[in-house]
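**Q** One-letter residues, chain by chain:
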Amino acid sequence: MAYPYVSDREVRILSKYFGDPKQRHVDTYVERGGYKALEKALGMGPDDVVDVVKSSGLRGRGGAGFPTGVKWSFMPKEQRKPHYLLCNADESEPGTFKDRELMRWDPHQLIEGCLIGAHAIRAQHVYIYCRGEFFEANQVLARAVEDAYGKGYIGENIFDSGHTIDVTVHQGAGAYICGEETGMMNSLEGKRGEPRIKPPFPAAVGAFGKPSTINNVETLCAIPHIVANGGEWYRQYGTEKSPGTKLFCVSGHVNKPGNYELPLGFPLIELIEDVCGGMRDGNALKAVIPGGSSVPLINAEEARACSLDYEGCLEVGTMLGCASVIVMDETADIVKQVRRMVDFYAHESCGQCTPCREGTTWTAQILRRIENGKGTEDDLDTLMEMTQNMVGTTICVLSDSVAAPVQSSIEKFRDEYLALIRRGERMGVA
Amino acid sequence: MSDVPFKNPGWAGNTGEFDLTEEQVRGDDFVGERPAHGGHASGAATMPFMLPDRDPEAPLFEGEYQERFEKILTRYPDKGAALLPTLGLVQELRGHVSPESMDRAAALLGLAPADVRGVATFYTMYNKRPVGRHLVQVCTNISCNLCGAEDVLAAFLRYTDTELGETSEDGNFTVIEAECLAACGFPTCVQINSRYYENVTPVDVAKIVEHLKGQSGADQ
Chain A
1 MAYPYVSDRE
11 VRILSKYFGD
21 PKQRHVDTYV
31 ERGGYKALEK
41 ALGMGPDDVV
51 DVVKSSGLRG
61 RGGAGFPTGV
71 KWSFMPKEQR
81 KPHYLLCNAD
91 ESEPGTFKDR
101 ELMRWDPHQL
111 IEGCLIGAHA
121 IRAQHVYIYC
131 RGEFFEANQV
141 LARAVEDAYG
151 KGYIGENIFD
161 SGHTIDVTVH
171 QGAGAYICGE
181 ETGMMNSLEG
191 KRGEPRIKPP
201 FPAAVGAFGK
211 PSTINNVETL
221 CAIPHIVANG
231 GEWYRQYGTE
241 KSPGTKLFCV
251 SGHVNKPGNY
261 ELPLGFPLIE
271 LIEDVCGGMR
281 DGNALKAVIP
291 GGSSVPLINA
301 EEARACSLDY
311 EGCLEVGTML
321 GCASVIVMDE
331 TADIVKQVRR
341 MVDFYAHESC
351 GQCTPCREGT
361 TWTAQILRRI
371 ENGKGTEDDL
381 DTLMEMTQNM
391 VGTTICVLSD
401 SVAAPVQSSI
411 EKFRDEYLAL
421 IRRGERMGVA
Chain B
431 MSDVPFKNPG
441 WAGNTGEFDL
451 TEEQVRGDDF
461 VGERPAHGGH
471 ASGAATMPFM
481 LPDRDPEAPL
491 FEGEYQERFE
501 KILTRYPDKG
511 AALLPTLGLV
521 QELRGHVSPE
531 SMDRAAALLG
541 LAPADVRGVA
551 TFYTMYNKRP
561 VGRHLVQVCT
571 NISCNLCGAE
581 DVLAAFLRYT
591 DTELGETSED
601 GNFTVIEAEC
611 LAACGFPTCV
621 QINSRYYENV
631 TPVDVAKIVE
641 HLKGQSGADQ
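In order, the protein sequence lines correspond to chains A and B.
Residues 1 to 430 in the numbering used here are what the first sequence lists, from first letter to last.
Residues 431 to 650 in the numbering used here are what the second sequence lists, from first letter to last.
Chain B extracted, bound-state conformation (with noise of 0.2 Å):
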């Protein structure tokens, strides 16, 4: 199959265990490993966020990361379409994306740094600055508010001792609103990096804080 361009083989399946109860699909465990490698090109950005390595300096994709953004390359008639991916890719290395990634970016994609910079500012996803290990996001749109969402948002700022927006003085956590993600029939939804956890209420607040603080970024 490898002689095919779009045919990447060797996604999670080498390495994920897919039979999964229905606790750990929404309790504890993410479904499968997620390979640093990435496999298919299409799983761009589906790694966590914050790998330990965020030195600046350092070329925007190297090794793995190189090999991941050229497989995204050939999934699109053209060059640009593989910004958001790219932008993806940045922001699961950096953390963030930051002006200098965004000029780089526009450099490996031949495209202008104003349009970069306009595109990067419109997608939400993208952290326009550096946030906690863990980004938590409250869901405080209509379904979850109805069943109490403002609570829990209050119980995360409360257990994490910050300001809405603002990352803790320990670099841990930065808790911020989110508008609708999708779940609403398991309220309140809270995305915590890449992963939901669903049905939180208040009092799982300080279970879930105290469990993240032992954990990097990445282990989420």
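Next comes chain A alone, as it looks inside the complex (with noise of 0.2 Å):
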């Protein structure tokens, strides 16, 4: 019943129990130690804790990577309002699959890691915006908080230590944009989830006018590991400026794909032919996408360069994000996946700022009708042009998302394009 695939070159810690299904039950839960971090956590003072999260180097695993420790300390220390934590299990990331096995495996790791968390920056009421498609895991999240509710680790008074925390389950409706955070908060309030200016930032004015922060599952489910074994422990795993272990989800052409538990800074090269069994049928290796489609591709000469840490991804020009790896072979047809990819942020966009409402459907547009051989290589300029304005624009990042694949496939496989405008000829099947 081992986990559908595991490498002996992973280091297990977030995911040690992926496929054992007693692992959700509270009583098997606690007796391979858990809830033990949370009354460590809450017997020493918020401040106390989130010195322990800065000295892991912990960063936040929803994208951005930004430290987690700092992110909290921008909290408000006294407190005025009430404060909320809001746990990002909105994942929707085409290529990410790691938050719904973490929920559906383990939860309550994750209610761990939201009480410790809600301790540290004083909030009261955590909410976990699970994606409303996961009615697995929103099932399995729910089954446990009512058992952490009924053994005393949620509620009033946990551990003796006069700390009173709540935590509900809301279960989303089904929009990418949501995994914005302040598109997540709008729609924790119960409306359209579209994005909100910064500033004023959450740690001031957050979900219903409140201080509020916002964490990634990957992100809280590590906490508890760190308050447990100390920001030293956490380090001796990935690298200096990456420190920990990351989960890397693989899909596409490899002969095994899904979850593995990696320190950071690992190679891609290795992680694609060693940890995952290599490229399907022998194939060559023709593209790689390491974060999700939101991140620019590479082509098979860097992905060999490529070390999968937050700095490594940006030394061959794409980025880590939340380390959903796309791998494609020689079978691929990049201009059809980009425009698959295109099509996606067209119908994900909220419609707010012009430059993504337009621009993400006239990217499809054009880049299906190169797809159906009746571009020009005129339309190739367009594309670059129209996506650089599209960079920096708007209110959130979805419109920059659709500038990375679209700029970095035309730079770096402009041959698929023009064999389709000149000769109308694909270059890959798939």
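Hints are computed from structural coordinates only; laboratory data are not their basis.
All clues given are correct.
Calculated lysine-lysine pairs in the DSS-like style (CA-CA distance at most 25 Å, straight line): (1) A:LYS81 / A:LYS198; (2) B:LYS509 / A:LYS210; (3) A:LYS81 / B:LYS509; (4) A:LYS54 / A:LYS210; (5) A:LYS191 / B:LYS558; (6) B:LYS509 / A:LYS191; (7) A:LYS151 / A:LYS40; (8) A:LYS36 / A:LYS54.
Here are a few chain A residues that sit away from chain B, every Cβ distance over 10 Å (derived from the structure): (9) ARG9; (10) LEU42; (11) LYS77; (12) GLU78; (13) ILE158; (14) ASP160; (15) LYS241; (16) PRO355; (17) ASP381; (18) GLN388; (19) MET427.
C-beta: ideal position from N, C-alpha, C; glycine also.
Dock chain to chain to rebuild the complex, using the hints, since each chain is given by itself in its own frame.
**A** This is how it looks when you write it as structure tokens:
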């Protein structure tokens, strides 16, 4: 009953119990040492917890990689209004499938992380904004919350510390944009999930107009381990600037796709060839998207030089994002796949900002024209210019996310576009 | 625990079996049973979409559903925030969220009807019109697409004898394309009502369709 695939190269901390349904029981979780870190954290002052997390160097796992401890320290030190902790479980970036697994296999790990986080930012209520499509994860999580209430790990006077923290699982309703932190706050308030202009930042005016912090599922899942073992322990994994382990979601043309927990800084090529059992059918590697659909593609040569940490990805001109490694072999049709990604953004644009609302739709239409063999070489310049106008001109970064795959694919796989434009030939089948 | 409004014991733990095998999780059985009365407010709309009761004249919520609605209200600092879970409950009962239901939800929550329309149309999971007993959503985004999702979609359309987005004549199936369902490592992922089917190939489709034909939506 091993989890679909495991590798001996992994360092399984967060994913240790993937594939073991017993872990969902609160009793099993406690037997295996669960909720000890919560007890320890509640015995410390909120600022001391923040210091431990700062010392670990943990960076947000939702994509931006902002240091978690620093983010927490932005919250007001004195409590004049209620504070909220939001857990971002609205996982919907194409290529990413780690949060769902974390929630359905080890819900109490997340709940414990949420509670410690809530203590650190002086919040009394945690909302776990879980993606609407995840009926199973919602149910597992709601059940785990219920069990934890029953055992007194959530609610009033936890571990006789005098602290009261409530947890609510909030089911979303299907909108990618609600994964953006201010969009999520609007959605939680029962509104359209349209992102808000910053400032004011969530730590000042967040959900329900109160100071709020939003953390990704994987970030919060790492918290109990860091609090239990200390910041130095966490730093033994990963690199100086990107410490710790990270779940890598590998999908596409590899023999063993799946979630692999590896120390940051792991070489991308070893992930593909060793951990994931190599390319499907022994085909040649064509392109990799190392961080989900919102980051630039890299070609095979760049992939060989890429190490999977925040800095290593920047060196080859891409980003680690949420470490969703999409692997494409020689049969992949780059133009079609880029068009499919842009279709996604056109569908998910909330429509507030003109560059995004219009830009995503027109980019998709031009790409479709090229794909159908009716494009012109001028179209490539138009696409480059148009997507350039979509960077940094909108409230949130959804439209920037369109520019990344479009521009990088035109730069690196211009041949494929030209083959379609000049000869109507596709250079891939998938 | 019941004296604290946030605590609602009695979630699926009373009825559900939690020791599941890998096969059960990824295979035929959903995690635990899903009681109609809900239990924890957080569990709103984790139930099957379409219960037999689809009387449009009935009050928006009755009995157990009214209780669940009231539990939901206890979880948020203001009433308006309960809108998404409320619409989820509506859909669970009626299979879709009609304009009439939107207006009644607005009245229950003290919101402007236009606000509720705006919200209901923003989110893709609310069906704005009736759909088949089995709503089949095939992910065709990049990771699944690389591994043949379009063939799976075509197979579903062929075996259910429908056009994309249309409901089959027997009212059993509506097949639509979905955006990434976050199961990219297990392509192709297909969501049918509230369940995920992973690693679906065109060969599996005939079996899945045959299996579903014998079930009502509530069995899902």
